[in-house]
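For chain A, the structure is supplied; the task is to place chain B on it using the hints.
Line by line, the protein sequences give chains A and B.
Read in order, the letters of the first sequence are residues 692 to 1233 in my numbering.
Read in order, the letters of the second sequence are residues 692 to 1233 in my numbering.
Keep in mind that the hints were calculated from the coordinates and are not lab data.
Computed from a prediction, not measured in an experiment: that's the story for all the values here.
Don't be surprised by glycine CBs; every beta carbon is placed ideally from N, CA and C.
Among the hints, a few may not be true.
[Said to hold, decoys possible] 30 Å max Cα-Cα, derived DSBU-like pairs, lysine-lysine: (1) 1088(B) with 863(A); (2) 1060(B) with 863(A); (3) 1092(A) with 863(A); (4) 742(B) with 1060(A); (5) 828(B) with 818(B); (6) 1008(A) with 1215(A); (7) 1192(A) with 1126(A); (8) 863(B) with 1060(A); (9) 1175(B) with 1163(B); (10) 1195(A) with 1215(A); (11) 1008(B) with 959(B); (12) 1126(B) with 1088(B); (13) 1215(A) with 1226(A); (14) 1088(A) with 863(B).
[What the hints assert, rightly or not] Restraint ranges, calculated between C-beta atoms of paired labels, are given here: (15) 995(A) with 1036(B): 31 to 39 Å; (16) 1010(A) with 693(B): 43 to 51 Å; (17) 861(B) with 1072(A): 18 to 26 Å; (18) 971(B) with 755(A): 55 to 63 Å; (19) 855(A) with 698(B): 35 to 43 Å; (20) 1178(A) with 730(B): 55 to 63 Å; (21) 855(A) with 1102(B): 41 to 49 Å.
Number of protein chains: 2
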Amino acid sequence: MLGLMQDWPLLCHRIIDHAAEMHGNREVVSRSVEGPIHRTDYRTIRERSLKVAQRLDRMGVRVGDRIGTLAWNTWRHLEVWYGLLGVGAVYHTVNPRLFPDQIAYIVNHAEDRLMFTDLTFLPLVEKLAEHLPLLEKVIVLTDAANMPETGLANAVAYEDWLAEADGDFAWKTFDENTAAGMCYTSGTTGHPKGVVYSHRSNVLHSMAVNQPDMLGLSSRDIMMPVVPMFHANGWSIAFSAPMTGTTMVMPGAKMDGASIYELLDTEKVSVTAAVPTVWLMLLQFLDGSDHQLPHLERVIIGGAACPRAMTAAFQKKYDVDVLHAWGMTEMSPLGTICSLKPEYAGLEGDARLDIQEKQGHAPFSIEMKITDDYDIEQDWDGKTFGRLKVRGPAIAKAYFKGEGGEILDDAGYFDTGDVAHIDPYGYMQITDRAKDVIKSGGEWISTIDLENIAVGHPDVAEAAVIGVAHPKWDERPLLVVVAKDGCTPTRDGLIDYMQDKVAKWWLPNDVVVVDEIPHTATGKIQKTTLREQFKDYTFPDA
Amino acid sequence: MLGLMQDWPLLCHRIIDHAAEMHGNREVVSRSVEGPIHRTDYRTIRERSLKVAQRLDRMGVRVGDRIGTLAWNTWRHLEVWYGLLGVGAVYHTVNPRLFPDQIAYIVNHAEDRLMFTDLTFLPLVEKLAEHLPLLEKVIVLTDAANMPETGLANAVAYEDWLAEADGDFAWKTFDENTAAGMCYTSGTTGHPKGVVYSHRSNVLHSMAVNQPDMLGLSSRDIMMPVVPMFHANGWSIAFSAPMTGTTMVMPGAKMDGASIYELLDTEKVSVTAAVPTVWLMLLQFLDGSDHQLPHLERVIIGGAACPRAMTAAFQKKYDVDVLHAWGMTEMSPLGTICSLKPEYAGLEGDARLDIQEKQGHAPFSIEMKITDDYDIEQDWDGKTFGRLKVRGPAIAKAYFKGEGGEILDDAGYFDTGDVAHIDPYGYMQITDRAKDVIKSGGEWISTIDLENIAVGHPDVAEAAVIGVAHPKWDERPLLVVVAKDGCTPTRDGLIDYMQDKVAKWWLPNDVVVVDEIPHTATGKIQKTTLREQFKDYTFPDA
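Isolated chain A, as found in the complex (with noise of 0.2 Å):
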């Protein structure tokens, strides 16, 4: 027997319809890569947005098609979202920050029709054109005025090609499954793989995520996405503030201090959401000026694990309250957030930052489980810690064209890599990657906690844990650091140092003293790396 309700797919570009009708004066403020600050509204972004649909559709763009996009977070890189998705087309964000030939080869392997591009990134697109023999089209994200010369034959200016349209147009409707958007994942080994959204999840994760103990956005709020859209589904703002009628505020190209600093100030936005080193640049502005944040209420920080002291300062110094965010590509993005619940929100201080440092608790429609490498359920104790697995109807279930194979366990969970530990109260902490953890006598080691503690030692600069081979426990944990200028840390003074911060058993085998860790572009100690320059290791008590 079924339910007798309306048959309503969940589409993303009914969002921005919704935004137009309930809140279609509400603003959206881009600092546009042009310069100026540029200032529209819901309705009107739903109207050019049907504008770029009715451009699409004539240009036989039908669903399914991919759609790439290189291009800062701005009102027109929204208007083409929603235009793509009201046509059934795939949005296609693609990290401008990529090396050039991983940017060719997603755009291949996603078989992307058109680029829209951002005039920052039109000198990449001219270099990479070559190689890019499915691209029927570049249209570039300005107006004529502003629009350079190119060698591209099938480049146009956006406002050119948008002015043949006059928005007289209906969104295409279809199943609530299909595809919506793609990201590619950044993975360590092997080509990056299509993460592929579709319009149920897309929504169905909007809606979870503005739940009040989540981002919890609303119509008063002014919220500003530094994390740029091309970012892990843009951490699906370009959906959860339209969905609430949330005025946006986008920073553009210009992620420094001082740039952040002015749009919050101005726009007096009350919560805003970056990675760690976005803040970073924020804070040290902040520190060399009388500035303070009296609009900023909140800020949502995700992508790698939020420090203690960025927390401290955010609250302390600027009565911001921090929300520790974790999620994933694969989970469109957002996993948990560290909102507190009646059983932490009295704490204060120390205690107060100790919880801050989780990653947070998970809304309704994400479900997680840590397990061993029996896949045995471990215990929510907030000590024993397991490989993190995920599942919900906005995590994914495969990568685009099979790659990587099945990737779901028996019960359907995804295999986040990380290993964490889980509290009574469902806040997840993460302690490692899984391929980094140390496994000495079928116990696990995390080597970031012995990291941080090694750090806290006053000779060392930098801190790194492997796991290396050991004949009577399997691994053991080799301690890797490099001294502080002038300083020369000892194996004896490190050992003596950790011992009484975590369990005998965890103590490193050995300490070796390096000039240099190795280290990616984006500034990760590279394990993978280091695990081979030690290859040839052998523990002294081995």
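Here is chain B on its own, set in the frame of chain A:
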């Protein structure tokens, strides 16, 4: 091309899973029907719901089977809902306030196999039993100690029945469009008609109403649903509260002012919801006391228009925000809530109360339109009114067993039967019932507006306006009034009084003073009867 997101059907019992896992120790506090306050939590509710499911499964209850409940808001009613849902059965909430023959009709029409009843309604079930041939068992929501003597051969105490299960059971899974619940509307004509909610509609509806501009429930809220679970899907609070881990306070059978106040105070309730009648009783109780409402932050008032004086009393005397709401059984039930968006958020005093007389704006997933008799959409100017029609995934497309036939228009909208205007910011205000509105020369006149003005006259105790046939204008308004004791209102006096308060062509053509205006059992003016009384009436100018 489809998205590559996980298949995760939207099933209601996943809500209690989430509550148990992420908010397991959050309380559900009830005033038991037996008397004492009872305390439990979401983890325990889920455990006992699993036993309900296991017990039902053992009895042969299968997906789609209807199960009746005649029960107040208590933890047991909540357990029964989730237990039923977890085997795919359909909760059918029976409104005990209906006439006994209506109750028999709907229990038989729904083909309920079992009835869960509170002690309060056992005598009613005993009386009706011989007319309910399909009922296999009557489960009385109490324990052995409180189980009364009953002549029913097939009655059992709930706690005894439940004790036969050990809870080692797994929820069933099935398509999200499967029927989840039923609630009959008590139409003014003909038999009640059954609205059939699906798992999908209940889940989507709860996600929509928990957006911050709507109910906005959070884990830090303490919610008392005074509105009974048998009234219009219990305003969906049995889903929306556990979805966000909100503490629940269930008032059981006692809804008088003193009892409600006691729970608001002792349980520190932060948000509550009920019809105006309940709040009238509370305000009257408070009036004669020194009591304040220091914990209560907001009160949701729906089911009938919230009187301006009630909003003013809550806000001015008790500093409690009023959220005027509108919905229908056919809408799961929420349609709109009058929270203040930025355009109105700064208003105070009378200007604020003016806006709060509106029923408010809709969340994402509810579309509204107003149309004239030719189905032409009317402007959202806050003045022009039309038939209010709605569309969305939690709105009925038909009634059970096809009663009432086709109920959607060509574009898939459901006609609410209300007449309303909508302002430019999306705030809807109901001005009349479609069957009462007066059609004069092709234009519509709101009877409610005229009545509200007429009762402002110092000589008038009560007023009703009906349309009476007119040779030139099709219909013209007739004002029927009851005089205040010792007063003698006149036609000319009343017309003169109304002269500057409405458009000239809205003025009633005549006034009749009567001793009494007919009312329904719930106190509403019975316009059908009134029209019948005046069917031979002729206007002086006709």
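How the hints compare with the structure:
1. 1088(B) with 863(A): Holds. Residue 1088(B) to residue 863(A) sits at ~22 Å (cutoff 30 Å).
2. 1060(B) with 863(A): Holds - the C-alpha atoms of residue 863(A) and residue 1060(B) are around 20 Å apart, at most 30 Å.
3. 1092(A) with 863(A): Given that 30 Å is the threshold and the Cα spacing comes to 25 Å, the pair holds.
4. 742(B) with 1060(A): holds (24 Å)
5. 828(B) with 818(B): Holds, because 15 Å separates the two Cα atoms, which is no more than 30 Å.
6. 1008(A) with 1215(A): holds (28 Å)
7. 1192(A) with 1126(A): This hinted pair holds, its Cα atoms lying about 24 Å apart.
8. 863(B) with 1060(A): Status holds; Cα separation ~20 Å.
9. 1175(B) with 1163(B): Violated: residue 1175(B) and residue 1163(B) sit about 34 Å apart, past 30 Å.
10. 1195(A) with 1215(A): holds (28 Å)
11. 1008(B) with 959(B): It holds: about 18 Å lies between the C-alpha atoms, which stays within 30 Å.
12. 1126(B) with 1088(B): Distance ~21 Å between residue 1126(B) and residue 1088(B) Cα, so the pair holds.
13. 1215(A) with 1226(A): holds (20 Å)
14. 1088(A) with 863(B): Given pair residue 1088(A), residue 863(B) holds - Cα atoms ~22 Å apart, limit 30 Å.
15. 995(A) with 1036(B): 31 to 39 Å: holds (36 Å)
16. 1010(A) with 693(B): 43 to 51 Å: At 46 Å between Cβs, range holds.
17. 861(B) with 1072(A): 18 to 26 Å: At roughly 24 Å between Cβ atoms, residue 1072(A) and residue 861(B) fall inside 18 to 26 Å, so the hint holds.
18. 971(B) with 755(A): 55 to 63 Å: holds (57 Å)
19. 855(A) with 698(B): 35 to 43 Å: At roughly 41 Å between Cβ atoms, residue 698(B) and residue 855(A) fall inside 35 to 43 Å, so the hint holds.
20. 1178(A) with 730(B): 55 to 63 Å: holds (58 Å)
21. 855(A) with 1102(B): 41 to 49 Å: violated (29 Å)
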